[in-house]
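Colleague: The chain contents come next:
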Amino acid sequence: MNLFKQFKQYPTAIIGLILIAIIIFIALYAIITIPYEEAVRLWRGNEEDTYRNPQKVPPVWVNLFRKDKFPESFSIYLTDEENKEVVVEDNSEDGLINKTYTYKFDYNYSTYLQEIILYGRNSFQEKQPFIEAFIITPDGRNIRVVNGGMSPKYVFRFSQDSKLKRRVKSDAIKGIFSTPESIKNESPELLKGEYTLVTKVRSFEENTKISVELVAHGRVFGVAGTDHLRRDISIALLWGAPIGLTFGLIAALGISILTMTISATGTWFGGFVDLLIQRITEVNMMLPFLPILIMVGTFYSKSILAILGVTIMLSIFSSSIKTYRATFVQIKQSTYIEAAKVYGASNRRIIFRYMLPKIIPMLIPGLVLSIPSYVFLEASLAVLGLGDPRLPTWGKLINDAHTNGALWNAEYYWILEPALLLIITGFAFAMVGFALDKIFNPRLREQ
Amino acid sequence: MTNNKKRESTLQRIGKYTILRLITLFITVVVGVYLTIIIANMGGYVDELVKGQVQESLTMRLTADESFRNLPKENREALLQRELALEFDRLGLNDPFLVRSMRFLLRAIKLDFGTANHMISASGSNKVRLIIGEQLPPTLLLMGTSNLLLFFIVMLIALYLSRRYGSYSDRFFTSLSPLSSMPSWFYGIFLILVFAALLRILPFGGMLGAPPPERGSWEYVASVLKHMILPVTSLTVSALFASIYSWRTFFLIFSSEDYVDMAKAKGLPSGLIRRRYILRPTLPTIITSFSLMLITMWMGAMVTEKVFQWPGLGTVIVNAVGLYDTAVIVGTTIIYGYLLAITVFLLDFVYALVDPRVKIGAGNRS
Chain A
169 MNLFKQFKQY
179 PTAIIGLILI
189 AIIIFIALYA
199 IITIPYEEAV
209 RLWRGNEEDT
219 YRNPQKVPPV
229 WVNLFRKDKF
239 PESFSIYLTD
249 EENKEVVVED
259 NSEDGLINKT
269 YTYKFDYNYS
279 TYLQEIILYG
289 RNSFQEKQPF
299 IEAFIITPDG
309 RNIRVVNGGM
319 SPKYVFRFSQ
329 DSKLKRRVKS
339 DAIKGIFSTP
349 ESIKNESPEL
359 LKGEYTLVTK
369 VRSFEENTKI
379 SVELVAHGRV
389 FGVAGTDHLR
399 RDISIALLWG
409 APIGLTFGLI
419 AALGISILTM
429 TISATGTWFG
439 GFVDLLIQRI
449 TEVNMMLPFL
459 PILIMVGTFY
469 SKSILAILGV
479 TIMLSIFSSS
489 IKTYRATFVQ
499 IKQSTYIEAA
509 KVYGASNRRI
519 IFRYMLPKII
529 PMLIPGLVLS
539 IPSYVFLEAS
549 LAVLGLGDPR
559 LPTWGKLIND
569 AHTNGALWNA
579 EYYWILEPAL
589 LLIITGFAFA
599 MVGFALDKIF
609 NPRLREQ
Chain B
531 MTNNKKREST
541 LQRIGKYTIL
551 RLITLFITVV
561 VGVYLTIIIA
571 NMGGYVDELV
581 KGQVQESLTM
591 RLTADESFRN
601 LPKENREALL
611 QRELALEFDR
621 LGLNDPFLVR
631 SMRFLLRAIK
641 LDFGTANHMI
651 SASGSNKVRL
661 IIGEQLPPTL
671 LLMGTSNLLL
681 FFIVMLIALY
691 LSRRYGSYSD
701 RFFTSLSPLS
711 SMPSWFYGIF
721 LILVFAALLR
731 ILPFGGMLGA
741 PPPERGSWEY
751 VASVLKHMIL
761 PVTSLTVSAL
771 FASIYSWRTF
781 FLIFSSEDYV
791 DMAKAKGLPS
801 GLIRRRYILR
811 PTLPTIITSF
821 SLMLITMWMG
831 AMVTEKVFQW
841 PGLGTVIVNA
851 VGLYDTAVIV
861 GTTIIYGYLL
871 AITVFLLDFV
881 YALVDPRVKI
891 GAGNRS
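In order, the protein sequence lines correspond to chains A and B. The first sequence begins at 169 in the numbering used here and counts up one residue at a time. The second sequence begins at 531 in the numbering used here and counts up one residue at a time.
These are calculated hints, taken from the structure and not from any lab test. Some clues are possibly wrong.
Unchecked claim - Selected chain A positions facing chain B (Cβ under 10 Å, derived; list incomplete):
{"hint": "1", "residue": "L185"}
{"hint": "2", "residue": "I186"}
{"hint": "3", "residue": "I462"}
{"hint": "4", "residue": "T466"}
{"hint": "5", "residue": "P540"}
{"hint": "6", "residue": "L545"}
{"hint": "7", "residue": "G573"}
{"hint": "8", "residue": "Y580"}
What the hints assert, rightly or not - Per the computed footprint, the stretches of chain B lying under chain A, defined by three or more beta-carbons under 8 Å from a beta-carbon of chain A, are:
{"hint": "9", "region": "627-636"}
{"hint": "10", "region": "806-812"}
{"hint": "11", "region": "876-884"}
We treat Cβ as the ideally placed atom computed from N, Cα and C, and that holds for glycine.
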């Protein structure tokens with residue numbers, strides 16, 4: 169309790185604790201709302217998961233800071249008869265479908281949609297169903313978009329249809345959403361207002377089922393935006409938290425405890441053991457840590473567990489063994505250790521019950537301070553292209569963004585979102601760690 | 531006369547200390563390289579590498595031979611296998627692991643890393659040694675500049691702050707020390723964002739502008755300098771604040787020693803006290819901490835190079851990973867081991883120069 173009282177004297181430490189709480193909250197939220205398998209599957213970026221997402225667009229909230237609003241993405245099942253936004257005109261006869269779906273939508277944005285797609289699914293035996301679509305613009309133009317047969321897995325992309333392009337005398341999306349007079353200009357005038365999409369569907373066999381979905385890719389998406397593979401970045405932002413925290417915590421804890429134990433053992437037994445540990449430490453400090461990790465990642469396994477294991481193994485014999493040793497040498501000579509020897513305590517008892525607890529105040533600040541460095545290590549490896557290929561992490565986002573020229577193309581959201589979370593994590597643990605350091609090692613504070 | 535004799539023996543002591551450190555470091559590096567080889571070869575990768583090279587050169591040699599080409603197919607295959615077995619035997623690839631690894635260690639110490647599978651040096655060679663050698667100067671340039679900058683900036687600020695303990699500027703700099711929890715490449719990304727992407731005043735990366743200026747001309751130097759600003763800044767800044775914090779603390783600890791108070795009581799000028807009574811005894815501690823920090827910085831520089839597309843060792847190893855070029859990966863790893871050792875050795879030498887215990891030959895380090 170005394171510790172907490174002292175802790176309260178450091179406002180930065182309190183802020184740090186709050187930030188850590190936020191990151192832990194994000195981590196828990198990620199684990200609860202998106203199960204691990206689901207996150208890994210979504211991050212694979214399969215077509216059926218990402219077809220509604222536009223490519224490389226910023227999050228929706230950027231519109232709050234803009235006068236010229238970006239169009240939002242939307243999608244709707246035109247054939248879903250329970251949806252009140254779609255007006256259905258049913259002329260079906262004798263089990264043959266003949267329906268007209270009318271869908272109106274407002275378009276009051278200042279930029280063009282990225283893409284409009286019609287996805288059709290149907291079951292037919294011999295004769296393909298027929299689809300026909302028109303768009304009626306606010307100025308009354310009636311543009312035929314498509315007419316033709318529907319394959320079982322039908323996809324019609326507006327911008328890739330050459331006939332439509334010819335009809336509107338321009339890039340399809342631009343042609344539809346601009347005033348016809350300005351279409352030849354360098355920057356055509358965008359026509360705001362209510363657009364109507366009329367879709368006619370006919371089948372020529374009984375019991376044919378048809379569904380048509382309209383997907384419009386806007387220029388903003390979701391809370392975090394999307395990447396080059398149309399994946400929702402928020403998945404990686406959320407899941408980066410538990411992965412990063414677990415990696416950092418396990419690495420920091422494992423390394424601290426093992427280093428401490430080895431150092432205590434060496435000092436207690438002295439002689440050959442101590443000498444050996446010191447020499448191993450010297451060799452280990454000369455080992456190029458990151459290149460060896462790269463080697464392991466390339467030759468054996470990029471799995472995060474393998475990397476974690478190697479990280480711990482290479483970091484046990486670090487320079488802190490020497491720092492701990494200096495303290496242990498003092499502890500070894502203290503009278504209570506003498507007393508323990510006299511009553512016949514075993515070596516193990518002396519090391520674990522009498523020596524190690526003494527050094528914990530020295531250990532804890534260092535441990536807390538080292539957590540962010542391992543969180544960043546995971547990110548560094550991802551930037552070097554050695555991130556676990558299955559896992560969505562913050563480092564992977566930064567790497568994807570950087571290698572796909574996000575900075576060059578001014579797609580800053582892509583890099584800034586994961587970077588911000590990394591900064592928060594780094595700062596939070598650093599602030600708490602520095603405060604703990606001052607509390608546990610008051611010598612520095614008094615200086 | 532006595533003074534001259536004393537200086538000589540000081541030199542001798544420093545020399546002895548340096549040679550001793552050199553030998554221990556060399557042994558350390560050799561053990562380190564051996565460990566690296568064992569790690570690399572745990573799945574037999576280095577062996578596969580050598581075998582692949584042997585097979586390739588043998589097949590090339592045989593197919594160039596007319597009489598071999600005229601043999602029937604089965605005979606050709608049998609001959610190839612027999613020759614291959616002989617060649618493996620001759621090169622000792624069938625020897626026990628211990629012997630083989632020792633042989634590879636010897637080659638690694640002689641900087642002979644074999645040939646690359648895919649990568650080619652700018653001069654057109656596929657010798658790993660040349661590929662690495664070409665990319666070494668940019669890395670050394672980057673690291674050397676940042677290290678020197680860092681050392682002097684930190685030294686100046688830390689000394690200044692230690693004299694103004696508890697002042698506003700002191701508290702400001704110490705409160706910035708959490709900034710060092712972020713690695714240099716992370717700063718790099720933000721620097722690129724601000725200075726290259728938003729302001730468009732500095733390049734995004736690389737070492738030379740396009741078209742590359744002629745080597746040795748002033749434009750060349752200017753171009754390199756311009757491309758260096760951001761990577762050097764990110765390397766320096768990432769290590770800056772934590773170093774300032776810890777060096778300032780060292781200065782404070784040493785300036786509260788009794789002999790400093792004694793010197794003040796004697797009325798010595800404050801400049802002299804600072805130089806001889808505070809700076810001198812603190813330097814060995816500072817150099818030890820600087821040496822530890824540089825080891826981390828070498829690793830950080832790898833990722834920073836990748837972020838800035840700086841044509842150095844970090845980029846080599848990243849490219850090698852992309853191309854799965856085992857010889858280059860192992861070679862670069864070993865080179866990094868050497869570079870770490872050289873850094874530590876150089877700082878050890880400086881340590882010997884400034885540590886009075888080495889000079890008077892009393893006491894031992896550690």
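Colleague: A separate judgement is required for each hint: does it hold in the structure or not?
Modeller: Here is what the structure says about each hint:
Taking 10 Å as the C-beta contact cut-off toward chain B, the hint placing A/L185 at the interface is violated, the least distance being around 14 Å. Taking 10 Å as the C-beta cut-off, the interface hint given for A/I186 is violated, the closest approach to chain B being about 15 Å. With a least beta-carbon distance of about 6 Å to chain B, the hint placing A/I462 at the interface is held under the 10 Å criterion. With 10 Å as the threshold, the beta carbon of A/T466 comes within range of chain B, its nearest partner Cβ sitting at about 5 Å, so the hint holds.
The beta carbon of A/P540 comes within 5 Å of a beta carbon in chain B, closer than 10 Å, and the hint placing it at the interface holds. About 8 Å separates the beta-carbon of A/L545 from the nearest beta-carbon of chain B, less than 10 Å, and the hint is met. Using the Cβ-Cβ criterion of 10 Å, the hint placing A/G573 at the interface with chain B is satisfied: the shortest such distance is roughly 9 Å. With 10 Å as the threshold, the beta carbon of A/Y580 comes within range of chain B, its nearest partner Cβ sitting at about 7 Å, so the hint holds.
Coverage of a stretch by a chain is defined here by at least three residues with a beta carbon nearer than 8 Å to that chain's beta carbons; for the region 627-636 of chain B and chain A the count is 0, and the condition is violated. With a threshold of 8 Å between beta carbons, the proposed coverage of the region 806-812 of chain B by chain A is violated, since 0 of its residues qualify and at least three are required. Check on the region 876-884 of chain B: 0 of its residues sit with their Cβ under 8 Å from a Cβ of chain A, so the three-residue criterion for coverage is violated.
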